[in-house]
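Could you put together the complete structure from these sequences and hints?
Keeping their order, the protein sequence lines are chains A and B. Taking full-length UniProt numbering, the leading residue of the first sequence gets 1, the next gets one more, and so forth. Taking full-length UniProt numbering, the leading residue of the second sequence gets 1, the next gets one more, and so forth.
Derived from the structure by calculation, the hints contain no laboratory data. Quantities reported herein were computed from a predicted structural model and do not represent experimental measurements. Every residue gets a Cβ at the ideal spot worked out from N, C-alpha and C, and that includes glycine. Any given hint could be a false lead.
Unchecked claim - Footprint (simulated), chain A over chain B, 3 or more residues, beta carbon under 8 Å:
id, region
1, 82-96
2, 234-244
Stated by the list, open to error - The calculated DSS-like cross-link candidates involving lysine-lysine, where the alpha carbons are at most 30 Å apart (straight line), are:
id, chain 1, residue 1, chain 2, residue 2
3, B, 121, A, 125
4, B, 102, A, 73
5, A, 104, B, 125
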Amino acid sequence: QQSCFDRRLRGSFTFSYYFIYLSTWRQQIETRPSQTQTTSTETLPVNKVVVHPLVLLSVVDHFTRMSKIGNTKRVVGVLLGSWRSKGVLDVSNSYAGLFDEDDKDKSVWYLDHDYLENKYHMFKKVNAREKIVGWYHTGPKLNQNDIAINDLVRRYCSNSVLVIIDAHASNIGLPTEAYYSVEEVHD
Amino acid sequence: MVLESTIICVDNSEYMRNGDYVPTRLQAQQDAVNTICRFKLRSNPENNVGLLTLANTEVLATLTTDVGKILTSLHKVAPNGNINLLTGIRIAHLALKHRQSKNHKMRIVVFVGSPVEQDEKEVIKVAKRLKKEKVNIDIINFGETDDNQSLLEQLVSVINGREGSGSHLVTVPPSPHLADALLSSPIVQGEDGAGAPAGFASGGGFEFGVDPNEDPELALALRVSMEEQRQRQQEEERRVQVESGETPMEGAAPPAAPTTPKPPVPMTEGGGGGGGPTEEEMLQQALAMSMEGGGGATTEAKPPATPVTTAAATATAAATAAAAGAPQSSARSGGLSMDFSAMTEEEQIAYAMQISMQDCQPKDEAMDVDKAPKAPKKEQPKKEEEQDFSEVMADPAFLESVLQNLPGVDPQSQAVKEAVGSLTQDKDKDKNNKEDKDKK
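Have a look at this one:
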């Protein structure tokens, strides 16, 4: 599945970023979603994302914690991990971030990057191998400002991966969807 | 000293390349942001400041108390695109909503230097929302002042409402001094006019000669110690006035407190700084011993009490850089006075004479010359007659020293000199008569 967002800038070129759906594997259960476009994903630096159970637990906990105080909007956080082998990303840990957005105006959002940076430095002290590899949110779908948020996370990690983790219980299929942003230039 | 979280919104549109504010509008803005930032963080140490750009709305620095962080991200700002005022204000409001302490008041400072192409209705809607959430906004209108004036005025007036005055609009015409214009504006002055300290704008004459930018802790400590010293002096004066009706003798000890210069007072009051006891302390010690030797009247108990209590007060004074030596010396003087009571009267007198002889070097001040002979002279009459104040009073040298200590009396004045001179002549005559008698 692809999602395509056009961003027209003044000038002769138009850029469009779109997220390519990556196949995600969980450590114990191996399922291969049929929609994977293996041809295009193999040219990307990432073509497989392995999500550890701890991450799923943390994200669901984050979401539940926020909904307890009445916030039913999506929650955003950062993913930590490492590269298992070429093209395979291991997401082993995560932490929550302070995120808020305006319901009506999609371009108004706030993610406290100072807090994220500080927290990453603390995580680095206990496990130097875990690096920032991307970010997550609980969706459940892709949003208009995801590209802008992705740009912010790209400051800390050049190949940032977005994983949408659906916090609402559903026993069918995987709760995760991974996306990678691709820059496309066309006239 | 308002507890406040402020988000500063800088205009980094293409209009900031303009050089009508020296050197460029962007640079002038950076200086102004620097000024505001320092002021906010100095007025209350718990204040927070954040930074945001209006053109490609992005939060450069989240709410922090560190000036350095704001300045480093400020320098990365480059002109780019056109501003989107309302989005910027909305994002600033979001950021303020997530401030750490809900006690902090919310404030947005916006620099507008390019035309605002926003619908008036939208602007009023945003203003009403900010008013509801009790957010104050300060707008600095520079650059394209004419175009934006009416719109920004409307924005500020809606936020202020009927009675409020928390929000301000400052319009700065093209000049090299954007930052200076702000210093005199209500943005930095605050609502009650208690604004930046006097020497701030000049950049040279700081309070206490210490730059609050370089060493804020030292400046704060000095300020606190000055306040305490002032309070202590006021208490001293109050106590002096209560006791001043009793005996003129007390004039010697307590006036030492108000007349001595301010910063070294904690040192000279209770005891000398660092080295040996000063003349003042020796005088007080001598007085104390003479009082103790005399005993009796309750009024006498007070002068020894005052030197001892001032010593105790300085011992308990807050630790400041200046008063470091005082606690040590005051403790020592406290210890000395204890010893004095243990010694017999004769030993005390001998000790007093010894001290006064030791440290008494010939100086230009008449004071010292008076003190050295004064101490033994005073003790002699004490020995002979216990409470013979009249004779001590008649001693011209002592009188002169007392007069010098009294504020408002000039011992050099003609009248005083004559009076003292006449007394001296009489005393000399008496002395000569006495010696003749003894010879005989």
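Comparing the hints with the structure gives:
Requiring three or more residues with a Cβ within less than 8 Å of a Cβ of chain A, the coverage given for the region 82-96 of chain B holds, as 5 such residues are present. Coverage of a stretch by a chain is defined here by at least three residues with a beta carbon nearer than 8 Å to that chain's beta carbons; for the region 234-244 of chain B and chain A the count is 0, and the condition is violated. For the given pair, residue 121 of chain B sits about 51 Å from residue 125 of chain A by alpha-carbon distance, which is inconsistent with the 30 Å threshold. Using a Cα cut-off of 30 Å, the hinted pair residue 102 of chain B and residue 73 of chain A holds, with the two alpha carbons roughly 22 Å apart.
The straight-line distance between the Cα atoms of residue 104 of chain A and residue 125 of chain B is roughly 13 Å, inside the 30 Å bound, and the hint therefore holds.
Violated hints, listed in ascending order, are 2, 3; each of the other numbered hints is respected by the structure.
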